[in-house]
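*Asks:* Below are the chains, spelled out letter by letter.
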Amino acid sequence: MKLGFSAADEAFRAECADWLQGQMAGEFADIKGITKLTAKPERRREWEQQLAEHGWACIGWPKAWGGRDATLAQQVIFAEEYARADVPGRVNHIGVELAGPTILAFGSDEQKQRFLPGIAAGKTIWCQGFSEPNAGSDLASVRTRARLDGEEWVVNGQKIWTSLAHISDWIFVVTRSEEGSAGPKGLTFLMMNLHQPGIEVRPIRQINGDAEFNETFFTDARCPADSLIGAVGDGWRIAMGLLAFERGVSTLGQQMGFRNELDGIIAAAKANGAAQDPLIRQRIAQAEIGLRLMRYGALRMLSQTDHSAIGGAALTYKIQWASWRRSLGELAMDVLGQAGEVSAHADYEWDMLPNLFLYSRADTIYGGTNQIQRNLIAERGLGMPREPRGQA
Amino acid sequence: MTMLMDPAPSADALALATSVREYLAETHGPEVLRRLDAASGRDPAIWQGLVAMGLPGLMVPEDAGGMGLGLEEAALIAAECGRVCLAEPLVDTAFIAVPWLLAHGDTALLADIAAGNRTIPLPHAINPWVDGGEGLHSVDPLRRLGTAPSDPPTDPHLLNLGALMTAAQLVGLAEAMQDQAVAYAKLREQFGQPIGAFQAIKHQLASCTVAIEFAKPVVWQAAAALAAGRSSAAIHVSHAKVAASDAAWAMAETAIQVHGAMGYTYEVDLHFWMKRTWALCGAWGSRAFHLARLDDAIIGGAHPIGPEHTFA
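Order-wise, the sequence lines are chains Z and L. Counting in my numbering, the first sequence runs from 274 upward without gaps. Counting in my numbering, the second sequence runs from 739 upward without gaps.
Treat the hints loosely; a few may be bogus.
As the list claims (entries may be wrong) - Residues from chain L that face chain Z, not an exhaustive set, calculated with beta carbons under 8 Å: (1) Y761; (2) A790; (3) G792; (4) W867; (5) G870; (6) L874; (7) L883; (8) F936; (9) I939; (10) G998; (11) A1017; (12) F1049.
No wet-lab data here; the hints were simulated from the structure. Note that beta-carbon positions come from the ideal geometry of N, C-alpha and C, so glycine has one too.
For reference, chain L alone in the conformation it holds in the complex:
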């Protein structure tokens, strides 16, 4: 087994992610989340905007009307979806269902997906619900969950795709919460100075930054490994899910603490990100599930250890 280290996204992929980030920052601010929560509904214009950007077809081959890009690019865009707490089924349909259909040679729905006319709910035995359904109430008021079928699929590749894209969203969520907490720590004054001047505050934020920065390359590595079909891909995916969940979880807790009592209110936007983080930390395999996959592989010998592998 070769262990190619390619955790840095390409310049083209980063440019694409930047354009998506700019579009979402302009069109999908916190006021949109409040509007959707109050109306407990969807706004079709948001989906149409994503379609106009071509994002549902990001991974659909060009001959079926898509852009034909890979998992690395998709993971970067998934992080942008997390950053704005997007509730549209883009990640599920375009970045999980499409590569899964492609892996199975199932091309019948791809043109419809690329055109934005079809979204795909994804039942899997790892999840007790179906994302993209209706009828269940998530702690995240913007998430649409439906009842799981009695006999859901158990395909491990689907699970890995789901866990990878969830990890990527968690990175974006964590960075967004970091931005909010840092901005507040600079603005809010107590004892005659911004609270961010106190080490008790700034050190907490610095610790979160360490966790987030070290989670990112692990996520990109997992995307590359899964894209290349490496035998170690599942291990990388589990590593990414745990690292991203831990970073986002610590960031959520710290961001509330930095905001003080304001962080406990609905008036401050933070809670939308905190609730999405809570939901996604459990989705597509809990921390316990992914840690068990890692310890099975490391102690059981499936994941080679030693310097010739770790530093290859």
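Looking at chain Z on its own, in the form it has when it is part of the complex:
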């Protein structure tokens, strides 16, 4: 088994790096290195359009829909070079990586015509309406109701943790469309325009002072009857298909960002003498090993010779990277020592490493907690008996 990229892939890498670094040194130098997803929203939208104009907005999509038909390896390479060039996160990540692929896989031709060009052009920003206050780990218990009223769906309820809803244009929503149904049955997957009086978005403040995510309230919100993907009652299958995209390429490309963070920690340890401490040295070594593990795991998946009996990376990758990065945040703080407690700027304005610590508190929670991941590995991967549950 050969792990690595081909010569053609490496040529593609050079092309990505050249363009991205040129942008960050030129027209978009003002957004280079921004870590907050909410900072400079107007410029971030312009950046989405710049990516689109130069053919980089959705390289994994088919050429017919504005993509490049890029291979999995090329998509990973692009994500790596994106992080290496210190380009800030995509405000339309959800449109490009989740909504688009879901519409491509499950949507009708008319829906593709209607929704894909806006995403490919970097002009329509999407967010995700899955979790609810009482449907987090237990996602299938969503209660947001949808009923058909003539030519329209009428939606009532509440979603939560809707990242970037306050700057988005569209939302996809998992709704309960069959009255009296429970669990994964009776759900319908709707696409809704956020710019309507029936939808109200309220930001939720995070522990680091930022407000990336929101509560989104639906009060007689409306969308045309043909706004559903798949059939009525088919929402759970579509939602699970979408989550498979979430766990795919976009997580493999994170590793370059992780590399940047670990390098920042190593540089700080050398600069302040923490690198003399044998315990810190060993933890840096362990962090390096953890990063390499993820790297080889990703290359194994890309080699398409992954014969793991339990679905390999698909099931095990989330808990691996999340646990690794949460520890990385703690290592960053221990390397900085007491200096890490203090911000040079103002309350709630921290440098990269303290921010890494705070952000990484959420890694083992969002996208399925570590506890849910372990249940998935044990129950789906290893075929163990299901966790006993109370009366739903």
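Starting from the known structure of chain Z, fit chain L onto it as the hints suggest.
*Replies:* Frame of chain Z, contents of chain L only:
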């Protein structure tokens, strides 16, 4: 060297701590922390309440207007300060500065301190800032840090007092986070039952409880050893700081995890305790500093080992 084991606080000390706990629970809830953070300021009424309880004079001798109590009592009260995430300079002034001044026979400021008219910022070479100053921004929005002087004191007794009282606060912080996480695990339902019914949740909380319960006697032992002026006091203090930091750190991480995404929000109170824990784990000597003191003493022979010492 005798190794008297006296890790259990006296009944009187516990009664005093209980009355302070009740007072703080009533007057210093999470809504106070939110108000202070929003106003980025202090509320003089909080300090006046502590003064009315006589707490700034807890360790000041009775002839100078205080209660004349010792480090064991002070450590118990410091834990109560941690439990409510108190931001007033009570621990620094009353439980670190006062015993340090007393140890140096410096009595000039004691009456003023006992009356609540004076707080003492404490520069020390172990800290890159001065607690009780102004001008620096801590990750804990309620902590008041100022720039360290160019030539801070290096007194080891001051360091031990600071580390001991920090460990005591961490115990209180850990217990408060434990209470919050347990309450949430009982309340929050998923899959048709409280999440605390799942072993994946309850086992994490149980593990934290083990760490907290074993940290407590180590802290009280350190207070007793430092109060008695034993030669082993520094070792006990380092042990206490490491044990309390580890317990509080694990508790903070677990409490966020148990709260799920809510634990990552400002709306849930937990983050105030988590940030104070983060700050205090580093204050008055990092984990690395205190572990180095321990391994120097154990391997270097200054700390006697063997059953006749460990079980004396």
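*Asks:* All hints, please: hold or fail.
*Replies:* Here is how each hint holds up against the structure:
A hinted interface residue such as L/Y761 counts as satisfied when its beta carbon comes closer than 8 Å to some beta carbon of chain Z; here the least separation is about 28 Å, so the hint is violated. Residue-level restraint check for L/A790 is violated (minimum Cβ-Cβ distance to chain Z is 30 Å; threshold 8 Å). Taken as an interface hint, L/G792 does not check out: its beta carbon lies about 31 Å from the nearest beta carbon of chain Z, beyond 8 Å. At its closest, the beta carbon of L/W867 sits 6 Å from a beta carbon of chain Z; the interface hint therefore holds under the 8 Å criterion.
At its closest, the beta carbon of L/G870 sits 14 Å from a beta carbon of chain Z; the interface hint therefore is violated under the 8 Å criterion. For L/L874, the suggested interface contact is upheld, since its CB lies about 5 Å from the closest CB of chain Z, less than 8 Å. Against a cut-off of 8 Å between C-beta atoms, the interface hint on L/L883 holds, since the closest Cβ of chain Z lies about 6 Å away. With 8 Å as the threshold, the beta carbon of L/F936 comes within range of chain Z, its nearest partner Cβ sitting at about 7 Å, so the hint holds.
A least Cβ separation of about 7 Å between L/I939 and chain Z falls short of the 8 Å threshold, and the interface hint therefore holds. Interface restraint check for L/G998: the shortest CB-CB distance to chain Z comes to about 6 Å, inside 8 Å, so the restraint holds. With 8 Å as the threshold, the beta carbon of L/A1017 comes within range of chain Z, its nearest partner Cβ sitting at about 5 Å, so the hint holds. The beta carbon of L/F1049 comes no nearer than 29 Å to any beta carbon in chain Z, farther than 8 Å, and the hint placing it at the interface is violated.
The structure fails to meet hints 1, 2, 3, 5 and 12 from the earlier list, while all remaining hints are met.
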